[in-house]
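Enquirer: Let the hints inform the model, and build the full structure from the sequences given.
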Amino acid sequence: METKQRLLKFVKMAHGMVENTDIEKHRQSQNHLGELMGHLKDIRFKDLDVDGMHCEWVSTERAHVHKKVILHCHGGGYSTGSSLYARTLTAKLAANLAMEVLTFDYRLAPENTYPAPLEDALKAWDYLMLKGYGARDVIVTGDSAGGNLALALVLKLKEQKRLLPKGLILLSPWTDLTSSGESFEEKKDVDPVLNGPYIERMIKAYAPNEDLTDPYVSPLFGDFTGFPPTYVQVGSNEILLSDSLRLSERLSAAGVVTRLDVFEGMWHVFQMAPFKTATEAMEKIARFVIEEMMHY
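Going letter by letter, the sequence shown gives residues 1 to 296 in the numbering used here.
Hints are not guaranteed to be accurate.
[Claimed, not checked] In silico DSSO-like pairs for lysine-lysine, Cα to Cα no more than 30 Å straight-line:
#, residue 1, residue 2
1, Lys67, Lys204
2, Lys68, Lys161
3, Lys284, Lys67
[To be verified] Label pairs and their in silico Cβ distance ranges:
#, residue 1, residue 2, range
4, Glu264, Gly196, 21 to 27 Å
5, Gly52, Pro110, 30 to 36 Å
6, Lys67, Thr279, 24 to 30 Å
Just so you know, these hints were derived from the structure itself, not from any lab. It should be emphasised that the depicted structure is a prediction, and the values quoted were computed from it without experimental measurement. Even glycine gets a Cβ: it sits at the ideal position worked out from N, Cα and C.
Expert: Here it is in structure tokens:
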């Protein structure tokens, strides 16, 4: 029990402004957390500038796949987070999938509202295409708001009639900014990390004047016909649980190869924490990539 309480304290600190509304303080604390937790053995980091946007390459020094790449969209409610903070996940992805990971510092709210992050995601995608990767060489990953952004990116690529990535990996994705899922009520007393007021602040900061049913704002309402294989992981104690459950249903209804794993007793983006269940989740991601995506 003591170990779990320490983990929950870690995750609350990581996820930002649930208990403290000082955005800058939490951006700094998240970066510090990424520096502390992201340095796994044999993982290296390299800064990159893409047309004025800071990005970071994450790779393992061990043998790894060079022809495939992961494009990671970090979380943080669209108001916090960075490539440095994302090391809590990108280092694990690079190590477990033996692939290079590119993450990017999209513009944050409230200084920059929708569609700034989506524009920046397209910039990162276009960089990979110019670098010589094909669309099917890229797996797009995202956690929380980054899961929202990953879905919005693929929806936008589809709208532009461009080739889509090899697959999507989504960790506790925030898919419905209308907050209409049943878990917003059913899980509000058991979620140890997120709460309704925090989510409402993030919505007002990111999309203050937008139609929240717009698929680029709330990807849950998008058309997923033709989407690549998608793997979703979520904790059973999240108020955002419905965002994953309903997304999985809609993907399956659209004929998309979809797998959903609900981890009992887990919280929002538990994969970033240093414990056994997070390791198991990463191993499941690697298996899905091998079993489903590499044959797509």
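Enquirer: It remains to establish, for every hint, whether it holds in the given structure.
Expert: Hints, one by one, checked against the model:
The suggested pairing of Lys67 with Lys204 is violated, with an alpha-carbon distance near 40 Å, which exceeds 30 Å. Distance hint between Lys68 and Lys161 is fulfilled; the C-alpha atoms sit about 22 Å from each other, no more than 30 Å. Taken as a hint, the Lys284 and Lys67 pair is honoured in the structure, with Cα atoms around 22 Å apart against an allowance of 30 Å. Take Glu264 and Gly196: their Cβ atoms lie about 23 Å apart, and the range 21 to 27 Å holds.
At about 20 Å, the CB distance of Gly52 to Pro110 disagrees with the hint of 30 to 36 Å. Range check, Lys67 to Thr279: Cβ separation about 26 Å, and the 24 to 30 Å hint holds.
Consistency with the previously given hints fails for numbers 1 and 5, ordered from lowest to highest.
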